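Asker: Sequence:
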Amino acid sequence: MKFWNDIDGSIFFNQIFKTPVAIGLIELFTINIENKRPTIILEFYIEELPDAPPAKWRKAEFNTCRIGLNCSEISNLMIKNIPTKEKLSIRITQSENRFTIHASNNSSII
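Under our numbering, the residue at position 28 of the sequence shown is numbered 28, and the numbers go up by one with no gaps.
FYI, nobody ran anything at the bench for these hints, they're computed from the structure. The model shown is predicted, which means the values in this text are computed figures rather than measured ones. C-beta atoms are modelled at their ideal positions from N, C-alpha and C, and glycine is treated no differently. If a hint is listed, it holds; no wrong ones were tucked in.
Okay, derived cross-link-like pairs now, PhoX-like style, lysine-lysine, Cα gap no bigger than 25 Å in a straight line:
id, residue 1, residue 2
1, 36, 80
2, 18, 2
3, 2, 87
4, 18, 59
5, 18, 56
Distance windows between CB atoms, simulated:
id, residue 1, residue 2, range
6, 107, 58, 35 to 43 Å
7, 98, 41, 14 to 22 Å
8, 63, 35, 32 to 40 Å
Required output: the full structure, derived from the provided sequences and hints.
Answerer: In structure tokens, the structure reads:
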């Protein structure tokens, strides 16, 4: 997968970003892991800013864009050296109906 816009369910994202946004570097904000229903929510900042933000965002003069990935049916989870202040390079691959998310830098990995 090359663009955030291609992720299923990214309706709002596609309303505020009119051009494709490449999946690349992120700045991790939070990781939330729920054990009762194997779910992980990753929230992070991307480097790009929306080209069609809502009016209230323009009035607030926003300068970052935070997005999240809600992941379920987790398997083979590995997290090392988190928290990190360094940006992570993220890649998302798809094989049939399963997605693999890999985010890493020189010292950390998710």
